[in-house]
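> Listed here are the chains, written in short residue letters.
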Amino acid sequence: MSKTLTIMLLSGAAENEDAEFATRLALAAQDKGHKVQMYLFGNAVNISKKETPIEGDLHIQQRLVDHIEPTKSFDRLAEIISRGGDVSTCHTNEHARGIEFREYVEGVKWGDVGGSFTKYLMTSDVLLSVGH
Amino acid sequence: MLNSVCCVVAKPLGVEQGTLGIRSAWACHQNGFETKLVYAEEGVWCAIGNPGYHTSLLKDLLDEDGEVCVVREDLERRGIAPESVFEGVQVIPASEVAEICEDVETVNYF
Chain X
1 MSKTLTIMLL SGAAENEDAE FATRLALAAQ DKGHKVQMYL FGNAVNISKK ETPIEGDLHI
61 QQRLVDHIEP TKSFDRLAEI ISRGGDVSTC HTNEHARGIE FREYVEGVKW GDVGGSFTKY
121 LMTSDVLLSV GH
Chain C
1 MLNSVCCVVA KPLGVEQGTL GIRSAWACHQ NGFETKLVYA EEGVWCAIGN PGYHTSLLKD
61 LLDEDGEVCV VREDLERRGI APESVFEGVQ VIPASEVAEI CEDVETVNYF
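Heads up: the protein sequence lines correspond to chains X and C, in order. Take the first sequence: its position 127, counting from 1, is numbered 127 in the working numbering, and each next residue is one higher. Take the second sequence: its position 104, counting from 1, is numbered 104 in the working numbering, and each next residue is one higher.
Calculated directly from the structure, the hints in this document are not laboratory data. Where is the CB? At the ideal position from N, CA and C, for every residue including glycine. Check each hint, because a few of them may be wrong.
These stretches of chain C come out as covered by chain X in the derived footprint (C-beta under 8 angstroms, 3 or more residues) [stated by the list, open to error]:
| id | stretch |
| --- | --- |
| 1 | 9-21 |
| 2 | 30-40 |
In silico DSBU-like cross-links for lysine-lysine, where the CA-CA straight-line distance does not exceed 35 angstroms [said to hold, decoys possible]:
| id | chain 1 | residue 1 | chain 2 | residue 2 |
| --- | --- | --- | --- | --- |
| 3 | X | 3 | X | 72 |
| 4 | C | 59 | X | 72 |
| 5 | X | 72 | X | 32 |
| 6 | X | 109 | C | 59 |
| 7 | X | 3 | X | 50 |
| 8 | X | 32 | X | 109 |
Selected chain C positions facing chain X (in silico; Cβ < 10 angstroms) [as the list claims (entries may be wrong)]:
| id | residue |
| --- | --- |
| 9 | 3 |
| 10 | 5 |
| 11 | 26 |
| 12 | 56 |
| 13 | 95 |
| 14 | 97 |
| 15 | 98 |
| 16 | 100 |
| 17 | 105 |
| 18 | 107 |
| 19 | 108 |
| 20 | 109 |
| 21 | 110 |
Same shape as in the complex, but just chain X (with noise of 0.2 angstroms):
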């Protein structure tokens, strides 16, 4: 039987695993049938952001870039999206960092935890909290 997981992210995409933990989580559940809802909190807002690329040399050895690359998490939030998962924001949260201007993801609503958040708790079957 279908259900459906809310998980409150509260890490970026840089700071540990989380953010790549439940973005796989997520299309995981999505691919066993079961409906996703994910609230961005804290420094998991900087990952609902278009990633803005630079152009030219990076300055970031090729290690590290290679090291970088897979934990962000931009392109499986996206997808996340592309599969019917809900997705929002801490507004506050991005004003905190400067960062509300910016375009989200597409797909990506902007928010806050008194209404998108208990939003997703009247919908929800299981809420998981990610980070530390």
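Chain C: place on chain X using the hints.
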């Protein structure tokens, strides 16, 4: 639908996750969910009435009959007297935290 929530704040004042914990508890409480806020580990530093946003929101939550408690053993480990805890916050033994968790449908750790 989840009807009841416990938010455990385990981060000290100044760490964003502690603020996210009390903001989540406040949002759930204000939207009609049965909500409990537990200060544990380093989170007990948020429960002693320091000036600033956290305590102001804690006061609002208590004024609106929010259920808030702090773990006695975690206070003791840090040399914080139970009398120092902000008025209205219940001091509970660690053994009661498990009971609180059993009483709610989801526990979220901040």
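> Run every hint past the structure and note whether it holds.
Comparing the hints with the structure gives:
Only when three residues or more bring their CB closer than 8 angstroms to a CB of chain X does the claim for the stretch 9-21 of chain C stand; here the count is 3, and the claim holds. For the stretch 30-40 of chain C, the stated coverage by chain X holds: 3 residues have a C-beta nearer than 8 angstroms to a C-beta of that chain, and at least 3 were required. Between the alpha carbons of residue 3 of chain X and residue 72 of chain X the distance comes to roughly 27 angstroms, so the proposed pair stays at or under 35 angstroms and holds. Simply put, residue 59 of chain C and residue 72 of chain X have alpha-carbon atoms about 39 angstroms apart, too far for the 35 angstroms limit, and the pair is violated.
Taking the CA atoms of residue 72 of chain X and residue 32 of chain X, the gap is about 24 angstroms. The hint holds against a cut of 35 angstroms. Simply put, residue 109 of chain X and residue 59 of chain C have alpha-carbon atoms about 31 angstroms apart, close enough for the 35 angstroms limit, and the pair holds. Between the alpha carbons of residue 3 of chain X and residue 50 of chain X the distance comes to roughly 29 angstroms, so the proposed pair stays at or under 35 angstroms and holds. Between residue 32 of chain X and residue 109 of chain X, the direct Cα distance comes to roughly 24 angstroms. Compliance with the 35 angstroms bound is thereby established for this hinted pair.
Annotation: interface hint on residue 3 of chain C holds; nearest CB of chain X at approximately 8 angstroms, less than 10 angstroms. Evaluation of the residue 5 of chain C hint against chain X yields a held restraint, the C-beta minimum of about 7 angstroms falling below 10 angstroms. At its closest, the beta carbon of residue 26 of chain C sits 8 angstroms from a beta carbon of chain X; the interface hint therefore holds under the 10 angstroms criterion. For residue 56 of chain C, the interface hint is violated, the least distance from its beta-carbon to any beta-carbon of chain X being 15 angstroms, above 10 angstroms.
Because the beta carbon of residue 95 of chain C sits about 23 angstroms from the nearest beta carbon in chain X, more than 10 angstroms, this interface hint is broken. Because the closest C-beta pair between residue 97 of chain C and chain X is about 16 angstroms apart, greater than 10 angstroms, the hint is violated. For residue 98 of chain C, the interface hint is violated, the least distance from its beta-carbon to any beta-carbon of chain X being 18 angstroms, above 10 angstroms. The criterion of a C-beta within 10 angstroms of any C-beta in chain X is not met by residue 100 of chain C, whose closest approach is roughly 16 angstroms, and the hint is violated.
Of the supplied interface hints, the one on residue 105 of chain C holds, with its beta-carbon coming within about 8 angstroms of a beta-carbon of chain X, less than 10 angstroms. Of the supplied interface hints, the one on residue 107 of chain C holds, with its beta-carbon coming within about 9 angstroms of a beta-carbon of chain X, less than 10 angstroms. Because the closest C-beta pair between residue 108 of chain C and chain X is about 4 angstroms apart, less than 10 angstroms, the hint holds. Using the Cβ-Cβ criterion of 10 angstroms, the hint placing residue 109 of chain C at the interface with chain X is satisfied: the shortest such distance is roughly 6 angstroms.
Interface hint at residue 110 of chain C: satisfied, since its Cβ lies 7 angstroms from the closest Cβ of chain X, which is below the 10 angstroms cut-off.
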